[in-house]
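S.K.: Residue numbers (my numbering), protein chains in the order written: chain A, 251 to 730; chain B, 250 to 637.
No lab work stands behind these hints: they were computed from the structure.
A portion of the hints provided could be inaccurate.
Unchecked claim - In the DSBU-like style, the derived pairs of lysine-lysine whose C-alpha atoms are separated by at most 35 Å in a straight line are: (1) Lys425(B) to Lys509(B); (2) Lys509(B) to Lys684(A); (3) Lys585(B) to Lys425(B); (4) Lys509(B) to Lys359(B); (5) Lys255(B) to Lys465(A); (6) Lys585(B) to Lys488(B).
Claimed, not checked - Some residues of chain B that are not near chain A, with every Cβ distance over 12 Å (derived): (7) Met250; (8) Met275; (9) Glu277; (10) Tyr339; (11) Asp367; (12) Val404; (13) Arg418; (14) Arg428; (15) Ser439; (16) Lys516.
This structure is a prediction, so every number in the text was calculated from the model and none was measured.
Just so it is clear, CB atoms sit at the ideal spot from N, CA and C, and this is done for glycine as well.
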Amino acid sequence: MRGADHQPWKDLYEDVRKALGSPTDLVLRRVTLRGGQTIQCFYLESMVDKQTIGEYVLRKIDDEHGVAEKDAFVREIPFSVPHDDMVNQTVTAIIHGQCVVVDHLRERVCLVDVFEPASRPVEEPKAEAIIRGPHEGFTENILANVGLIRKRIRNPNLRFEKMTIGKQSHTTVLLAYMENLAPELLVQEARRRLTAIRTDSILDSTYVEEFIQDKTLTPFPTLGNTERPDVVSAQLLDGKVAILVDGTPSALVAPVTFFEFFTSPEDYYQRADIATFIRWIRMISFVLAVFVPSIYVAATTFHQELIPTQLLISLSAQREGVPLPSLVEVLVMEVLFEIIREAGLRMPRAVGQALSIVGAIVLGQAAVEAGLTSAAIVIVVSITGIANFVVPTYSFGITQRLLRFTFVFLAGFMGLFGILCGLLFMVAHLVSLKTFGVPYLTPVVPLRLSEWKDVLIRVPRPAMKIGRLPSYIEYLKKRK
Amino acid sequence: MQALRKLMIAVLPAVVLAGCWDKAEMNELALVSMVGADSDPETGRKMVYYQMINPLSGISVQGAPSGDQAPVYTYETSGRSFGEIHTTIYKLLPRKLFVSQYRALIVSEKMAKEGLLDLVNMIEIQSNGRTSVPLLIAGSPLAQLMKTFTPLESVPADSVSSRLDMLERNSLLVDKNIRVNNLIERMERSEPIVMPIVKLISADSMTKSSDRISYIDANRSNLTSDGGAVIVNYRMVGKLDDEELVWYNLANGGRGRHIKQFQVNGKSVTLEMRLKRMKRSTEWREDRPVVTLDLEIEFLTNFATENMPKTYEEMKRLENGLAQIVEDEITSFYNKTKAKGWDLLRIRQAAEQNRKVRRHGADALKSAELKVNVKSRIAHTANLSQPY
Chain A
251 MRGADHQPWK
261 DLYEDVRKAL
271 GSPTDLVLRR
281 VTLRGGQTIQ
291 CFYLESMVDK
301 QTIGEYVLRK
311 IDDEHGVAEK
321 DAFVREIPFS
331 VPHDDMVNQT
341 VTAIIHGQCV
351 VVDHLRERVC
361 LVDVFEPASR
371 PVEEPKAEAI
381 IRGPHEGFTE
391 NILANVGLIR
401 KRIRNPNLRF
411 EKMTIGKQSH
421 TTVLLAYMEN
431 LAPELLVQEA
441 RRRLTAIRTD
451 SILDSTYVEE
461 FIQDKTLTPF
471 PTLGNTERPD
481 VVSAQLLDGK
491 VAILVDGTPS
501 ALVAPVTFFE
511 FFTSPEDYYQ
521 RADIATFIRW
531 IRMISFVLAV
541 FVPSIYVAAT
551 TFHQELIPTQ
561 LLISLSAQRE
571 GVPLPSLVEV
581 LVMEVLFEII
591 REAGLRMPRA
601 VGQALSIVGA
611 IVLGQAAVEA
621 GLTSAAIVIV
631 VSITGIANFV
641 VPTYSFGITQ
651 RLLRFTFVFL
661 AGFMGLFGIL
671 CGLLFMVAHL
681 VSLKTFGVPY
691 LTPVVPLRLS
701 EWKDVLIRVP
711 RPAMKIGRLP
721 SYIEYLKKRK
Chain B
250 MQALRKLMIA
260 VLPAVVLAGC
270 WDKAEMNELA
280 LVSMVGADSD
290 PETGRKMVYY
300 QMINPLSGIS
310 VQGAPSGDQA
320 PVYTYETSGR
330 SFGEIHTTIY
340 KLLPRKLFVS
350 QYRALIVSEK
360 MAKEGLLDLV
370 NMIEIQSNGR
380 TSVPLLIAGS
390 PLAQLMKTFT
400 PLESVPADSV
410 SSRLDMLERN
420 SLLVDKNIRV
430 NNLIERMERS
440 EPIVMPIVKL
450 ISADSMTKSS
460 DRISYIDANR
470 SNLTSDGGAV
480 IVNYRMVGKL
490 DDEELVWYNL
500 ANGGRGRHIK
510 QFQVNGKSVT
520 LEMRLKRMKR
530 STEWREDRPV
540 VTLDLEIEFL
550 TNFATENMPK
560 TYEEMKRLEN
570 GLAQIVEDEI
580 TSFYNKTKAK
590 GWDLLRIRQA
600 AEQNRKVRRH
610 GADALKSAEL
620 KVNVKSRIAH
630 TANLSQPY
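Whole structure, please, built from the sequences with the hints as guidance.
M.R.: Spelled out as structure tokens, the structure:
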């Protein structure tokens, strides 16, 4: 940028420094040329690849004005030039990890992209570990994540639409989909919801999830989230959309139906028979995790006639001398379990394990021996706690925990009648839910029997039809 | 917010539902395992014995009962009616009476002869009443019977009900229709029913459970089943001995495997008898109904140590002999009971199936005749041709 009377590039460094509030990581490097002129190079040390700056930018400048041929720097390194509002543009560039070169000799300002944020290497996601199949997980670097997806889908139809969300954080959000597979309606809807977000900052995909989910007041997640690039790739190939957020390893997937929470990527990396069996185990675990404590409370305080005689005697013997009512007993133990679990998460790993052993076994055993709770309660809480971890998606596990407490209360006040009432409300609520316009209980409501085989069993690969997408995706594709 | 309000409106009325009030913790319940009912014909007072399970005896937690704790406690209470007992029991009982899980109901012979209608109505009228429990008639004083410990199965009700199951499967001494609801059904159809009689083996009952579990002689002071009580119109009218019970149950389609020694053609042979098929048909012949009972019985030689048929002819002779014995026994049982006015083989019900019989009215039923046809078959002959 040149100007005869006003030359903003001359004091650019000072202006930028002032605008950023003299940050400690702002580095200025000067090269003095033979003619006495200087070239300034400044950048935010924390965001750039210093090796690139040293080896390419500075050396080229030096060469150019020393012995090397003229303008080699201009030819070899891509750069952009700010126009108009030079100071503001330069500030924006510098916080996006660009390096500013102020060339006093030729009276110009160049912005060179040398962005390299600190990030960890690709690791296996801890919450979604599997035995067989790829062990790669997303990282906090969005470009690396894009690469992980592209590595799996080498198809020109794969699209990543970039958006910047967050008035303060200016976070990059990518909407990914397969142009030939994803219904236009779905992509439009996702785009509309993303662009409608008005917020200060996006630090994790949960921020986005809360803005774009269909219903806020529900314990059920209506968007899937995963740290696994293979899951995202599989979902994209099913015609769904994925949302990647810069700075977080968890991607969002939409739409996702209730029964899809019982499937896991691992189902497709194992033989069909065992995958089907495990899918059933997951569904049983869901029922156990949600209903075992409430059914225990209902049966032991209201419907003792339902319990087989021998079991009743045994339970009755265990309850002799226990001071608390069953409802309180279950609640205390459940809350205690939640506390142990939460503490275990926060503790350093080595201590965490010891804590959970002390909490679960020692405390439980001691409570039973001291006559504070009955042994059956410890079994109930343990079964529930273990069953809760079977579900592959963490957010769905949280749903189970919330539902469990609701049902325990209902059972404590109204017995099986209360559980039934709660169940009816839950079903009514589930039926009313939608995920990006798709009924949440698909394929049970609306009934699509042909798709049940994907819910109840994992069909062997050769029996799957090539190019077949989930029915709701096909339906959305047909609707224009 | 609107949805939340709707939810509140829907949930709040539920709070006034009975739920919270009828809840009872398990350690507030007195678990009844067996009920005994008696009445005094002179004063009309009803006596009820409740046998409560003592959960602390460790009967299910550790397996064997600990010697110093009785597995059950028997509470005895009385009132002018069975209803009153639900109040008077609390003079003794510190916990809520929980009758939903009792396994057996024993009625004294005195009361059974007086009439069971009152008791049956009392059970039926209760919202938590159970009519699917076996009804037994006490062949010994009820008070003693209710205060007897049983070996092996320490809760007497369990001991009694598992023995009834065993007998039903492994003998023809107990029918499967011995529950209170079977009694009601038969009585409402004006048919008789036979209920098992339980009695004490010896009178010196052991009142300490530690005595019972430390004593080797299981026969001493134990309960046993002995014959059956014939009940007509809710009243006990007579008894059947074990021999008669076999033919009663066989002719009524009992499927238990019964092992019995027969005298066929002058020789003894022990055979396992099992009913394979049974058919009852009615014809109108010579101005009266003739009910034909077709029985197909299999005889197994598993226990035939005395002798074994060696040739085909011998086997046929044995089969025919057995068929004849069964036919004769059932016919004689029928005639004996008919003379007492008990329609134990339910001939009337079978005859009524026939349209002609129905047309001739109730008088025709009285002249009904029974014809028994038995087809016998010997099985498992190849195990030992000649006993040692």
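S.K.: Decide, hint by hint, whether the structure agrees.
M.R.: Consistency of the hints with the structure:
1. Lys425(B) to Lys509(B): 20 Å, holds
2. Lys509(B) to Lys684(A): Violated, at about 72 Å.
3. Lys585(B) to Lys425(B): 23 Å, holds
4. Lys509(B) to Lys359(B): 33 Å, holds
5. Lys255(B) to Lys465(A): 16 Å, holds
6. Lys585(B) to Lys488(B): 12 Å, holds
7. Met250: The claim breaks: Met250(B) does not keep its Cβ more than 12 Å from every Cβ of chain A (closest is about 9 Å).
8. Met275: 5 Å, violated
9. Glu277: Its Cβ does come within 12 Å of chain A, the nearest being 9 Å, so this is violated.
10. Tyr339: 19 Å, holds
11. Asp367: The assertion about Asp367(B) holds, with a minimum of 24 Å to chain A.
12. Val404: Answer for Val404(B): violated, closest chain A Cβ roughly 8 Å.
13. Arg418: 20 Å, holds
14. Arg428: About 16 Å separates Arg428(B) from the closest Cβ of chain A, which puts it past 12 Å; holds.
15. Ser439: 33 Å, holds
16. Lys516: The claim holds: Lys516(B) sits with its nearest Cβ about 48 Å from chain A, beyond 12 Å.
When each numbered hint is compared with the structure, violations occur for hints 2, 7, 8, 9 and 12.
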